[in-house]
Amino acid sequence: MSKKTINNLRKEFPLLKRKINNKPLIYLDNAATTQKPNYVIKCLQEYYTKYNANVHRGLYTLSEQATIEYEHARSTIAQFLHAQPPEIIFTSGTTASLNMLARMLEHTINKDDEIVITIMEHHSNLVPWQELAKRKQAKLKFIALTKDLYLNMEEAAKLITTKTKILAFAYVSNVLGAIVPAQELINLAKKINPNIITIIDAAQAVPYFDINVKELNCDFLAFSGHKVMGPTGIGILYGKFSLLNSLPPVNFGGEMIKEVTQNDASWNELPYKLEPGTPNIADAIALGKAIEYLNQLPREKLLQDLHKLTKYTVEQLQTIPHLEILSNQYSPHPIITFSIKGIHPHDIAEILNRDNICIRAGTHCAMPLHKYLNIPATSRISLYYYNTIQEIDLLTKSLKKVVKIFQ
Amino acid sequence: MDDELYQEQILDHYQHPRNKKVLKDATFQHHEHNPSCGDDLTIYVKIKKNQTLQVAFQGHGCAISQASASLLAEYLNNKSLSELIILPQEKIFQLLGIPISNNRTKCALLCYLTIRQGLQEYQHKNQTKGEYHAKIRNQ
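Residue numbers (the working numbering), protein chains in the order written: chain A, 1 to 407; chain B, 1 to 139.
Hints listed in this document are in silico derivations from the structure and should not be mistaken for laboratory results. There may be inaccurate statements among the hints.
Said to hold, decoys possible - In silico DSBU-like cross-links for lysine-lysine, where the CA-CA straight-line distance does not exceed 35 Å:
#1 LYS19/A / LYS106/B
#2 LYS371/A / LYS79/B
#3 LYS311/A / LYS401/A
#4 LYS139/A / LYS191/A
#5 LYS24/B / LYS401/A
#6 LYS404/A / LYS48/B
#7 LYS91/B / LYS341/A
Said to hold, decoys possible - Computed far set for chain A versus chain B, every beta-carbon distance over 10 Å:
#8 ASN7
#9 GLU12
#10 ALA32
#11 LEU159
#12 GLU255
#13 GLU300
#14 LEU317
#15 THR363
Cβ atoms here follow ideal geometry from the backbone N, Cα and C, with glycine treated the same way.
Pulled out of the complex, with its shape left as it was, chain A reads as follows (with noise of 0.2 Å):
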């Protein structure tokens, strides 16, 4: 990709023309959250300045309008999944995504059944399935790593038994940026226990690679909007259309109800049956708008420049003294973990934020696999397709700066 083309992709981009202290922003912290395009936010405008209304139920334009952009959007996502909109379900999130999921599931597991996860899932695929296990005295099992930080496929073979009910992983890891043989996973599993629900969290495999949930084979999916240069606010759960449609619901209250009496009620059908109340219109259309924006890219070029530009980052961040890189330095995932040793990583994000560099520090909401690899907190960069040389350049020179101040 040409210099020319990342300036034209940066510049829709209206984020990243801040400058603060005059000096420009430099943002590294993809995996957090991604910037939004101009065909985004213009969205967001048009939908509250031309056509704001309560979806499925008006009898007027207005109404008939935001319907029609609020199935669009979820159409959209069904393909790009390469699902079928009824599908598709939006949530607040991947978060709110496996919330729903453990409460939907839990009547399907017993006393002693098992759901293995992995040592590297984010909180929000782990606690989840932990206050389920404890809810039902069921078995959490996590599988490990190897050495060189990849998911011990070995090992999930042992682990997962015919008393595993749930495989729930993440197909990258927001730390480590190890990413998971998904479809190679899920065939073990199914080939063990052939009733074994999978679900995958793809909160930060979405915003880089192609996702085919038929090919995929799993069960669920979640991702978050956000993350793929949508709002926040909204997120999707793939299921597949059988288990959805005989899972009951959690969350009720209007639009998700077919017939209420005093008594009981019966359940609209799918989508519908799991997005009661007013949804989050808006930015489900933005999302769609994100969805569009991505697809029109060009990718394939685009990822192979990003991998260029992560392993030209590995090679500068080796130039710093004490500088360890704990993710997998030959991964070609645009996640970089490291340390420097005497130096915590608060101290090295609040240094590179004077010079307008934003990283982030801490345990990344994935603190048993940092209990696990025995640290006790981590710096993380994460790019983006719309991040420079010229930035890691600066970044770099940056690192440096720390490192001759704690000298």
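With chain A's structure known, arrange chain B on it following the hints.
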């Protein structure tokens, strides 16, 4: 260096902490941590026969959290128990001597929170024993 926060005193206390050790004969000790960032601190307080304090700490974390603990221990050593009882939160910022941003306040005050919690537990234990008031009276 234009960096006010990482001035010499803070870095000196971070890299060469004072009173960083375990007090085996501590009168009370308390452990706190900031799980989200990994700052970890245990403060040991020994009330000596003459009612003055010996304060030490153990821990790991960012420069601000560890330098604050070192500065606080140094400040409280040989002070009386009542001075610890009335110690205001602002004292920590005064000891650091530099402006602390909102997102670093938690780091700066970890030592204060730790010693307050330890003191409260100690007071509670002694109150129930009826010894605490006697101790204060004797001071």
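Status of each hint after checking the structure:
1. Of the pairs offered as hints, the one joining LYS19/A and LYS106/B holds, with about 28 Å between alpha carbons and a cut-off of 35 Å not exceeded.
2. Among the hinted pairs, LYS371/A with LYS79/B is inconsistent with the structure: their alpha-carbon atoms are about 38 Å apart, more than 35 Å.
3. For a cut-off of 35 Å, the pair hint linking LYS311/A to LYS401/A stands: about 22 Å separates their Cα positions.
4. For the proposed pair LYS139/A and LYS191/A, the alpha carbon gap of about 20 Å is at most 35 Å, so the pair holds.
5. Proximity of LYS24/B to LYS401/A is assessed by CA-CA distance (about 40 Å); at most 35 Å being required, the pair is judged violated.
6. Distance hint between LYS404/A and LYS48/B is unfulfilled; the C-alpha atoms sit about 42 Å from each other, more than 35 Å.
7. For the suggested pair LYS91/B and LYS341/A, the alpha carbons sit about 30 Å apart, so the restraint of at most 35 Å is met.
8. Remark: the non-interface label on ASN7/A is consistent with the geometry, its nearest Cβ contact in chain B lying 31 Å away (cut-off 10 Å).
9. Taking the minimum C-beta to C-beta distance to chain B, about 30 Å, the non-interface status of GLU12/A holds against the 10 Å cut.
10. The claim that ALA32/A is not at the interface with chain B holds, since no C-beta of that chain comes within 10 Å of its own (minimum 13 Å).
11. With a least CB separation of 27 Å from chain B, LEU159/A remains clear of the 10 Å interface cut-off, as annotated.
12. The Cβ of GLU255/A lies farther than 10 Å from every Cβ of chain B, with a closest approach of about 37 Å, so its non-interface assignment holds.
13. Residue placement check: GLU300/A keeps its beta carbon more than 10 Å from all beta carbons of chain B (closest about 37 Å).
14. Its beta-carbon lying about 20 Å from the closest one in chain B, LEU317/A satisfies the requirement of being farther than 10 Å from that chain.
15. Under the 10 Å C-beta cut-off, the non-interface status given to THR363/A relative to chain B is violated; the minimum distance is some 6 Å.
The structure shown violates the earlier hints numbered 2, 5, 6, 15.
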